[in-house]
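K.L.:
If you want the building blocks of each chain, they are given just below.
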Amino acid sequence: MSELKKVSSNPHVRAKITTSHIMLAVVIALLPTGIYGIFNFGFKAAVLILVTVASTVLTELVYEIAMKKKVTIGDFSAVVTGLLLALNLPVSAPWWIGVIGGIFAILVVKMLFGGLGQNFMNPALAARCFLLISFTGIMTNFECDAYTGATPLAVLKSGETVNVFDMVLGRCNGTIGETSMAAILVGAIFLLLLGVIDLRVPGTYIVSFVIFLGLFSGNGFDMHYISAHLAGGGLMLGAFFMATDYVTRPITVKGQYLYGILLGFLTFVFRVYGPSAEGVSYAIIIGNLLVPLIEKVTRPRAFGKKRGAKK
Amino acid sequence: MCQKGNNWHERRERYGIEMAKSTFVGGVHPYEGKELSKDKPIKDVLPKGDLVYPLSQHIGAPAVPIVAKGDRVLRGQKIAEAGGFVSAPIYASVSGTVKAIEPRRVVTGDLIMSIVIENDGQYEEVVYPAAKPLEEMTREEIIECVKEAGVVGMGGAGFPTHVKLSVKNPEKIDYVIANCAECEPYLTSDYRRMMEEPEKLIEGLKVSLALFPNAKGILAVEDNKEDCIALLKEKTIDEKRIVVTRLKTKYPQGAERQLIYATTKRKINSTMLPADVGCVVNNVDSIVAIYNAVYHRKPLMERIVTITGDAIRNPQNMRVHIGTNYHELIEAAGGFKEEPVKIISGGPMMGFGVFELDLPTTKTASALLCLTKDEVSEMEPSACINCGRCLEVCPGRVMPSKLATLAEKHKEEEFIANDGMECCECGCCSYVCPAKRHLTQSIKSMRKTVLSKRKK
Chain B
1 MSELKKVSSN PHVRAKITTS HIMLAVVIAL LPTGIYGIFN FGFKAAVLIL
51 VTVASTVLTE LVYEIAMKKK VTIGDFSAVV TGLLLALNLP VSAPWWIGVI
101 GGIFAILVVK MLFGGLGQNF MNPALAARCF LLISFTGIMT NFECDAYTGA
151 TPLAVLKSGE TVNVFDMVLG RCNGTIGETS MAAILVGAIF LLLLGVIDLR
201 VPGTYIVSFV IFLGLFSGNG FDMHYISAHL AGGGLMLGAF FMATDYVTRP
251 ITVKGQYLYG ILLGFLTFVF RVYGPSAEGV SYAIIIGNLL VPLIEKVTRP
301 RAFGKKRGAK K
Chain W
1 MCQKGNNWHE RRERYGIEMA KSTFVGGVHP YEGKELSKDK PIKDVLPKGD
51 LVYPLSQHIG APAVPIVAKG DRVLRGQKIA EAGGFVSAPI YASVSGTVKA
101 IEPRRVVTGD LIMSIVIEND GQYEEVVYPA AKPLEEMTRE EIIECVKEAG
151 VVGMGGAGFP THVKLSVKNP EKIDYVIANC AECEPYLTSD YRRMMEEPEK
201 LIEGLKVSLA LFPNAKGILA VEDNKEDCIA LLKEKTIDEK RIVVTRLKTK
251 YPQGAERQLI YATTKRKINS TMLPADVGCV VNNVDSIVAI YNAVYHRKPL
301 MERIVTITGD AIRNPQNMRV HIGTNYHELI EAAGGFKEEP VKIISGGPMM
351 GFGVFELDLP TTKTASALLC LTKDEVSEME PSACINCGRC LEVCPGRVMP
401 SKLATLAEKH KEEEFIANDG MECCECGCCS YVCPAKRHLT QSIKSMRKTV
451 LSKRKK
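Same order as they appear, the protein sequences are chains B and W. Residue 1 is where the first sequence starts when you use the numbering used here, and the numbers rise one by one after that. Residue 1 is where the second sequence starts when you use the numbering used here, and the numbers rise one by one after that.
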């Protein structure tokens, strides 16, 4: 026996794609939205985005060093969280809102539950909801240099009409990243083409939302009303970038459809009957909480197993 | 006799139906690497050193030695007989002297009691009994022939072939499937066999068909071997009971359960046998061994092995005497052009990583793959991000990420409740995992634990 070779269990080859690649793809997909946000709201938006991303990444770094764990900021998941959180903030928010949100998202929602893959809620959304409750005034203040007045959905809720074309392009008020449906869709198509996300969750989410809206909102299938709801608020950003978050959506195929319908229903309820014009964030985090249950009832049947066979 | 088979065959011929590619749900597309050895004709390699015959080269009871140290044996002489019904005899592939009967290392890393024969280089062969024409043989005689020849599943599992053929109701078998998929990357031994000796394969398949009066024969080939599909079609043009099925190239198309589904749309799970859904599946090399056993009364003594990988100077396919040391195979392939980091007996998806080369070629050794890179140790596992890729590719339609976690936590009951025993250890989940988790490994070890407890 001269020299011993390496041994391991099968398989001995691995696909090239890694977690970092996936997260990096999401970051790239969010760039059009982020850049449009900066274009739309000005330089202050860029500062807020950078501060929030720095906050999430540093929080993860400091926590892992302090806890003597392996540093995992190289997987870019903290960058994704920071970006998503920043895109969900109004441009008028002071810089420290981004810092607090970032720390909450990473420290409380992600790291305290065990780090990447263990959080049961989307960290960015949980942080946004935390900020909404704690700093309601700041988080719902959409006064800025570029626009005055309420967000299109709030206008719509008050019964007035809105310019849907402007909303699709993003020429309207809202959080930094939610205004431009076009920019979001560019990123979403990029992710769909790469196979990072699929249409199961966003597709069922949007379709079921439209159906609920058409049937029960009292406005029927009114094109103007429905398209304003689709283009307005955080629906597109939520459906393509947050409802599709691997960690907090069901892993089973049937479960993903069920989850999409659930999100569509909750968003409809919150937007139409709730006190606020917006409901995507709450819908998704409530959906997140039901994921373990959904996965349990939608466990796939093993190949060749008969329906209902117990063994 | 084969009215049904006739119509079925004719219908496809008449309408020129090239049925949609047969396949299954799930699977992966690893780098194939077959171009390294695909066009290299089979080369005969004669052993030089001692030959080692492990008594367990098959699933079931180990064979029992019937020679003793110092005995002179001839090529083709039985040196160990089957240790039970699910077992197979072993034959000397060279003439020489029994040097020892002692434990020797095999590819799985275990020490297995083995017969060691010193090769005298004479290749003096026993006289084989005269073969009877197939038409005059009874069912029992055919099966006895296969059993005596020590034929086992040569695709890797090593299940004794005579057990597969001895089904309770032979008339209920609808399909005899020749597994010509060769879905493992790098492997080209079956391909070369089919290209060079298609008659043996077809005649061997006809032996199986003789056992099952109502069965159709299916030659199932992946569509990365178009020349092979064309050749087999040409050779079977007058065979009323044999069809060639084109399979989509995808790993693990050649896994038994997936192959049966792809060709017949019938499904079996881990607790069933192919015969339960009227199918019998045999690998290319096994079918050729059946042919040799029945037509020439020759026992299983050789097999085709692909020696390949980027560390090998001249990747090629060889006809190897069973028992030959792996060192000799490497030598016959021109040695290493670069120092290998990883050596795998079998294909990269389901083969065994070996830590040394002082190992014998067994009945189930389809390839020796020498790589200059070890992708597994280069990539460190990280946390699962629940992406679901493992579920998408799992041909067993289970939840690998969940099963692996349960296995790592030693939650045996939950593992079984979540269909952990339905895993076929094909390796697709580990292959595709972006977090580089060792999913297959965890699931495999838990399955081993459960199975060994069940045996007790």
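Please keep in mind that the hints were generated in silico from the structure rather than gathered at the bench. Do not take every clue at face value.
[Stated by the list, open to error] Beta-carbon label-pair distances, calculated as ranges: (1) W:454 <-> B:114: 50 to 56 Å; (2) W:448 <-> B:306: 37 to 43 Å; (3) B:195 <-> W:453: 38 to 44 Å; (4) W:138 <-> B:195: 52 to 58 Å; (5) W:381 <-> B:207: 35 to 41 Å.
[Claimed, not checked] So, partial list: chain B residues that the calculated Cβ filter (under 10 Å) puts toward chain W: (6) 117; (7) 168; (8) 171; (9) 305.
Glycine included, every Cβ here is placed at the ideal spot set by N, Cα and C.
K.L.:
All hints, please: hold or fail.
P.N.:
Outcome of the hint check:
Between residue 454 of chain W and residue 114 of chain B the C-beta distance comes to about 34 Å, which lies outside the given range of 50 to 56 Å. Residue 448 of chain W and residue 306 of chain B have their C-beta atoms about 26 Å apart, which leaves the hinted 37 to 43 Å range violated. Hint check: residue 195 of chain B to residue 453 of chain W, Cβ distance near 40 Å, so the stated range 38 to 44 Å holds. Against the hinted window of 52 to 58 Å, the Cβ-Cβ separation of residue 138 of chain W and residue 195 of chain B comes to about 56 Å, which satisfies the hint.
At roughly 37 Å, the beta-carbon separation of residue 381 of chain W and residue 207 of chain B lies within the given 35 to 41 Å, and the hint holds. At about 4 Å, the closest approach between the beta carbon of residue 117 of chain B and any beta carbon in chain W falls short of 10 Å, and the interface hint on this residue holds. Checking residue 168 of chain B against chain W: minimum C-beta separation of about 31 Å lies over 10 Å; hint violated. Here the hint on residue 171 of chain B is broken, as its CB sits about 36 Å from the closest CB of chain W, past 10 Å.
Look at residue 305 of chain B: its Cβ gets to within about 5 Å of chain W, closer than 10 Å, so that hint holds up.
In the structure shown, a violation is registered for the earlier hints numbered 1, 2, 7, 8, in ascending order.
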